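Undergrad: Kindly generate the complete structure, drawing on both the sequences and the hints.
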Amino acid sequence: MSKINVRMTVNGTEVEKSAEPRTLLIHFLREELNLTGPHIGCDTSHCGACTVDLNGKSVKSCTIFVGQADGAEITTIEGISGADGTLHALQVAFKDNHALQCGFCTPGMITRGYRLLQENPNPTDDEIRHGISGNLCRCTGYQNIVKAIRIAAEQLNTAEEAAE
Amino acid sequence: MIPGSFDYHRPASLDAAISLLASLGEEARVVAGGHSLIPMMKLRMAVPEHLIDLQDIDDLKGIAINAGTITIGAMTTQAELIASAELESACPIIKETALLIADPQVRNVGTIGGNVANGDPGNDMPALMQALDAQYVLQGSGGSREVSARDFYEAAYFTAIEDGEILTAVRFATPAAGHGYAYFKQKRKIGDYATAAAAVILTIDGGTCSSASIALTNVGDTPLFAQAAGEALIGSSLDQGAVAAAVEAAKAITDPVADGRGPAGFRTHIAGVMVGRAIACAAERAN
Numbered sequence: 001m002s003k004i005n006v007r008m009t010v011n012g013t014e015v016e017k018s019a020e021p022r023t024l025l026i027h028f029l030r031e032e033l034n035l036t037g038p039h040i041g042c043d044t045s046h047c048g049a050c051t052v053d054l055n056g057k058s059v060k061s062c063t064i065f066v067g068q069a070d071g072a073e074i075t076t077i078e079g080i081s082g083a084d085g086t087l088h089a090l091q092v093a094f095k096d097n098h099a100l101q102c103g104f105c106t107p108g109m110i111t112r113g114y115r116l117l118q119e120n121p122n123p124t125d126d127e128i129r130h131g132i133s134g135n136l137c138r139c140t141g142y143q144n145i146v147k148a149i150r151i152a153a154e155q156l157n158t159a160e161e162a163a164e
Numbered sequence: 001m002i003p004g005s006f007d008y009h010r011p012a013s014l015d016a017a018i019s020l021l022a023s024l025g026e027e028a029r030v031v032a033g034g035h036s037l038i039p040m041m042k043l044r045m046a047v048p049e050h051l052i053d054l055q056d057i058d059d060l061k062g063i064a065i066n067a068g069t070i071t072i073g074a075m076t077t078q079a080e081l082i083a084s085a086e087l088e089s090a091c092p093i094i095k096e097t098a099l100l101i102a103d104p105q106v107r108n109v110g111t112i113g114g115n116v117a118n119g120d121p122g123n124d125m126p127a128l129m130q131a132l133d134a135q136y137v138l139q140g141s142g143g144s145r146e147v148s149a150r151d152f153y154e155a156a157y158f159t160a161i162e163d164g165e166i167l168t169a170v171r172f173a174t175p176a177a178g179h180g181y182a183y184f185k186q187k188r189k190i191g192d193y194a195t196a197a198a199a200v201i202l203t204i205d206g207g208t209c210s211s212a213s214i215a216l217t218n219v220g221d222t223p224l225f226a227q228a229a230g231e232a233l234i235g236s237s238l239d240q241g242a243v244a245a246a247v248e249a250a251k252a253i254t255d256p257v258a259d260g261r262g263p264a265g266f267r268t269h270i271a272g273v274m275v276g277r278a279i280a281c282a283a284e285r286a287n
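Top line first, the protein sequences correspond to chains S and X.
Here this note's numbering is used: position 148 in the first sequence is 148, and no number is missing along the way.
Here this note's numbering is used: position 245 in the second sequence is 245, and no number is missing along the way.
Keep in mind that the hints were calculated from the coordinates and are not lab data.
A quick note: this is a predicted structure, and the numbers were derived from the prediction, not measured.
Take the hints with a grain of salt, since some may be wrong.
Claimed, not checked - Computed Cβ-Cβ distance ranges for the label pairs, DEER-style: (1) X:Arg44 to S:Ala159: 14 to 24 Å; (2) X:Gly235 to S:Gly71: 51 to 61 Å; (3) S:Glu127 to X:Arg277: 22 to 32 Å; (4) X:Ala67 to S:Gln101: 50 to 60 Å; (5) X:Glu27 to S:Glu73: 28 to 38 Å; (6) X:Gly235 to S:Gly56: 46 to 56 Å.
We put the beta carbon where it would ideally sit given N, CA and C, even for glycine.
TA: Pasting the structure below:
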């Protein structure tokens, strides 16, 4: 079985590597690129801990082969904060509102929340719950996650209005 | 879980995909979104030696609504079905059903073609396609043919698709203006397959049901077109007696397995409940 050459832009940086076709995107990100923010939770496309942004859409990287992502633009949790380390509004809101306990689901939650707020900048709580329905959290009961996403949305919208 | 090794191919055209499939033989599989196939490959229940990725084939994408026919390319994702305002206005049950499949991330990748071609009895689109009396367009090196969704499913994961063929599109007549519709799905949680689900499409003319089509998901080893259930409604005023007859006719054709979703008898019962509720909802929406 021959290796393939894959190229993608990950968090703004172009990468090119050869990989076995059976390599799953999550393994490629974690083991080849050392991006260990996206987690392997269930490994069966249920839990969403491996969520990354692929060509502007949230996907579960445990159920995508690296070849399928050849040519793609990918953002992981490592690419959400500013280059200088400034936290994204979602990261601040999760921290301030106790939206995590063990933290295992948090990279997936925030990466999904990041895309959700671009698809729908002003979601209702119900829309947030449906929006993150592919991300499981076993600690928090979701209340504070929903609250943090709502607060981050408000802050992002206020910041955008101020900029206009 | 690491899948077995395979060679990866990403052809740029349908012709190239079909000739690859012909030359690589039965150890090759096509992959659309992969959200059925990849989990099976992780479990080594599927061990293809070649994977032919269809993502670069533009001919397999998109929704066309014209001259009373809706054609949906096989590589159209569930998210794209949900986002299409045109499709929602012509045939809203597609969006209603797609929204009950898995979760946002999976719907961004999962396609209608993969959902119907895979033959997994848990998938939701096959029963809906049966209710809509859809045709599946199958293309191979010998040309193209169409198979009715009602004839396509033979057993779990066994379908009318022949070696070397690719399901390229689904096609069905646009439902009559003012039709009633509903897809009701009982599931334990978001992302689960149905305990039982029912698709109902009907028309009402002057208080009388003039057409009705019912199909069931995940209560047999294939999707089930419940012909007698639909016929029980036609000509009635959708009164209690007719609905009860349809529910009984639908339940009679179910043959679910007992699993974590419940014992077989329970799942048959739920199928009946879903049919009854879907009929009531469709009747309310019809005008």
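Undergrad: Now look at each hint and say whether the structure bears it out.
TA: Hints versus structure:
Between X:Arg44 and S:Ala159 the CB atoms are about 49 Å apart, so this pair departs from the stated range of 14 to 24 Å. Between X:Gly235 and S:Gly71 the CB atoms are about 56 Å apart, so this pair conforms to the stated range of 51 to 61 Å. Under the hint 22 to 32 Å, the C-beta atoms of S:Glu127 and X:Arg277, about 25 Å apart, fit the expected range. The given range of 50 to 60 Å is respected by X:Ala67 and S:Gln101, whose C-beta atoms sit roughly 57 Å from each other.
Remark: the range hint 28 to 38 Å for X:Glu27 to S:Glu73 is upheld by a beta-carbon distance near 33 Å. Between X:Gly235 and S:Gly56, the C-beta spacing of about 50 Å keeps the proposed range 46 to 56 Å intact.
The structure fails to meet hint 1 from the earlier list, while all remaining hints are met.
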